[in-house]
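K.L.:
Work the whole structure out from these sequences, hints included.
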Amino acid sequence: MKKYIILFLALAIFAGGFYASYRIFSVKETPTEVTITSQSIIEALKDEGFLISESYIFHQQSTIEETVGNTIKDFFWGQNIKAAANIKVSVGTNLERLLESDVEITKDTLTLTLPPVSIYGVELIDDVVLENKQGVLKKVFDNDNGYNKAIEILKGDAKKAVEESPTLLGEAKESAKDEVTKLLRYLQIEKDIIVNI
125 MKKYIILFLA
135 LAIFAGGFYA
145 SYRIFSVKET
155 PTEVTITSQS
165 IIEALKDEGF
175 LISESYIFHQ
185 QSTIEETVGN
195 TIKDFFWGQN
205 IKAAANIKVS
215 VGTNLERLLE
225 SDVEITKDTL
235 TLTLPPVSIY
245 GVELIDDVVL
255 ENKQGVLKKV
265 FDNDNGYNKA
275 IEILKGDAKK
285 AVEESPTLLG
295 EAKESAKDEV
305 TKLLRYLQIE
315 KDIIVNI
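End of the sequence shown = 321 in this note's numbering, gap-free, step of one.
FYI, nobody ran anything at the bench for these hints, they're computed from the structure.
This one's a predicted model, so the numbers in the text were calculated from it and none came from an experiment.
Don't take every hint at face value.
[Said to hold, decoys possible] Straight-line alpha carbon distances no greater than 27 Å define the calculated DSS-like cross-link-like pairs of lysine-lysine that follow:
#: 1; residue 1: Lys279; residue 2: Lys212
#: 2; residue 1: Lys301; residue 2: Lys273
#: 3; residue 1: Lys315; residue 2: Lys231
#: 4; residue 1: Lys212; residue 2: Lys273
#: 5; residue 1: Lys212; residue 2: Lys315
#: 6; residue 1: Lys284; residue 2: Lys301
#: 7; residue 1: Lys170; residue 2: Lys231
#: 8; residue 1: Lys170; residue 2: Lys283
#: 9; residue 1: Lys301; residue 2: Lys206
#: 10; residue 1: Lys206; residue 2: Lys306
#: 11; residue 1: Lys301; residue 2: Lys212
#: 12; residue 1: Lys284; residue 2: Lys273
#: 13; residue 1: Lys231; residue 2: Lys301
#: 14; residue 1: Lys283; residue 2: Lys273
#: 15; residue 1: Lys170; residue 2: Lys273
#: 16; residue 1: Lys212; residue 2: Lys284
#: 17; residue 1: Lys284; residue 2: Lys206
#: 18; residue 1: Lys315; residue 2: Lys301
#: 19; residue 1: Lys315; residue 2: Lys206
#: 20; residue 1: Lys170; residue 2: Lys212
#: 21; residue 1: Lys301; residue 2: Lys170
#: 22; residue 1: Lys231; residue 2: Lys126
#: 23; residue 1: Lys231; residue 2: Lys279
#: 24; residue 1: Lys315; residue 2: Lys170
[Said to hold, decoys possible] Between beta-carbon pairs, the in silico distance windows are:
#: 25; residue 1: Lys283; residue 2: Thr305; range: 53 to 63 Å
#: 26; residue 1: Tyr310; residue 2: Thr233; range: 13 to 23 Å
#: 27; residue 1: Ile318; residue 2: Ile188; range: 41 to 51 Å
#: 28; residue 1: Arg221; residue 2: Glu247; range: 16 to 26 Å
#: 29; residue 1: Arg309; residue 2: Arg221; range: 40 to 50 Å
#: 30; residue 1: Phe174; residue 2: Gly280; range: 19 to 29 Å
#: 31; residue 1: Lys306; residue 2: Asn210; range: 50 to 60 Å
#: 32; residue 1: Glu314; residue 2: Phe149; range: 25 to 35 Å
#: 33; residue 1: Asp250; residue 2: Lys284; range: 13 to 23 Å
#: 34; residue 1: Thr161; residue 2: Tyr271; range: 45 to 55 Å
#: 35; residue 1: Ile318; residue 2: Glu247; range: 53 to 63 Å
#: 36; residue 1: Ile181; residue 2: Thr235; range: 29 to 39 Å
#: 37; residue 1: Ser164; residue 2: Pro240; range: 15 to 25 Å
#: 38; residue 1: Gly140; residue 2: Ile313; range: 23 to 33 Å
Where is the CB? At the ideal position from N, CA and C, for every residue including glycine.
P.N.:
Here's what the structure looks like:
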């Protein structure tokens, strides 16, 4: 009987020590509440830089005629260039231009006003097809294949096509809103998100 009492006391002391060390040294999990501020949202979005929301590819064609209006001079010095190429125009919004005043946080909603969409870049994505007809003396003394002029005009025409199209700019706006909403969801914001441009 004495053996059982000693065994019982040893088990009780061991269990008590185990319980006490568990209570003292265990990591206490306290619920962490994430506070979303306009500054934290701005910092997270500014890291993205320029957000390209849409890219459009155009097959541009152009004709460049360099004439002086005199048939004889045009025969010797005139130039006629026909050019064609595929041009890519990237459109989006510059998130680096966001300000704290662009973010409004209420109890249930987060409203963000983005900078207006703009053209980020215009680039050539294929070779330029050139057909160059030069006057007799121009070939000899001032040989210019017209490549640089053609690139400049083709890019300018593609950029102008996007700038003058409310449909394309509208698509870019909606796409930018959707992308920024996704980025804000990655921040685990549990409010209704409204994104405006």
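K.L.:
Taking the hints in turn, state whether each one holds.
P.N.:
Hint by hint, here is what the structure shows:
1. Lys279 / Lys212: Roughly 9 Å between the alpha carbons, so the hint for Lys279 and Lys212 holds.
2. Lys301 / Lys273: The hint is violated at about 37 Å.
3. Lys315 / Lys231: holds (8 Å)
4. Lys212 / Lys273: At roughly 18 Å apart (the allowed maximum being 27 Å), Lys273 and Lys212 satisfy the hint.
5. Lys212 / Lys315: Cα-Cα ~37 Å, so violated.
6. Lys284 / Lys301: Since the Cα atoms of Lys284 and Lys301 sit roughly 23 Å apart, the hinted pair holds (cutoff 27 Å).
7. Lys170 / Lys231: holds (24 Å)
8. Lys170 / Lys283: holds (26 Å)
9. Lys301 / Lys206: Given pair Lys301, Lys206 is violated - Cα atoms ~40 Å apart, limit 27 Å.
10. Lys206 / Lys306: Violated - the C-alpha atoms of Lys306 and Lys206 are around 44 Å apart, more than 27 Å.
11. Lys301 / Lys212: With a Cα-Cα distance of about 22 Å, the restraint between Lys301 and Lys212 holds, given a limit of 27 Å.
12. Lys284 / Lys273: holds (16 Å)
13. Lys231 / Lys301: holds (21 Å)
14. Lys283 / Lys273: OK: Lys283 and Lys273 at ~15 Å, within 27 Å.
15. Lys170 / Lys273: violated (37 Å)
16. Lys212 / Lys284: Holds, at roughly 12 Å.
17. Lys284 / Lys206: holds (19 Å)
18. Lys315 / Lys301: Distance of about 16 Å is within 27 Å: holds.
19. Lys315 / Lys206: violated (56 Å)
20. Lys170 / Lys212: holds (25 Å)
21. Lys301 / Lys170: holds (15 Å)
22. Lys231 / Lys126: violated (68 Å)
23. Lys231 / Lys279: violated (47 Å)
24. Lys315 / Lys170: With Cα atoms ~20 Å apart, Lys315 and Lys170 stay inside 27 Å; holds.
25. Lys283 / Thr305: 53 to 63 Å: violated (28 Å)
26. Tyr310 / Thr233: 13 to 23 Å: holds (18 Å)
27. Ile318 / Ile188: 41 to 51 Å: The hinted range 41 to 51 Å holds for Ile318 and Ile188, with Cβ atoms some 48 Å apart.
28. Arg221 / Glu247: 16 to 26 Å: Because 22 Å falls inside the window, the suggested range holds.
29. Arg309 / Arg221: 40 to 50 Å: violated (22 Å)
30. Phe174 / Gly280: 19 to 29 Å: holds (21 Å)
31. Lys306 / Asn210: 50 to 60 Å: Given range 50 to 60 Å: violated, Cβ gap about 29 Å.
32. Glu314 / Phe149: 25 to 35 Å: Distance hint for Glu314, Phe149 holds at roughly 34 Å.
33. Asp250 / Lys284: 13 to 23 Å: Roughly 20 Å apart at Cβ, these two residues keep to the hinted range, so it holds.
34. Thr161 / Tyr271: 45 to 55 Å: At roughly 52 Å between Cβ atoms, Tyr271 and Thr161 fall inside 45 to 55 Å, so the hint holds.
35. Ile318 / Glu247: 53 to 63 Å: At roughly 34 Å between Cβ atoms, Glu247 and Ile318 fall outside 53 to 63 Å, so the hint is violated.
36. Ile181 / Thr235: 29 to 39 Å: Distance hint for Ile181, Thr235 holds at roughly 34 Å.
37. Ser164 / Pro240: 15 to 25 Å: holds (24 Å)
38. Gly140 / Ile313: 23 to 33 Å: violated (47 Å)
Comparing the model with each numbered hint stated earlier shows that hints 2, 5, 9, 10, 15, 19, 22, 23, 25, 29, 31, 35 and 38 do not hold.
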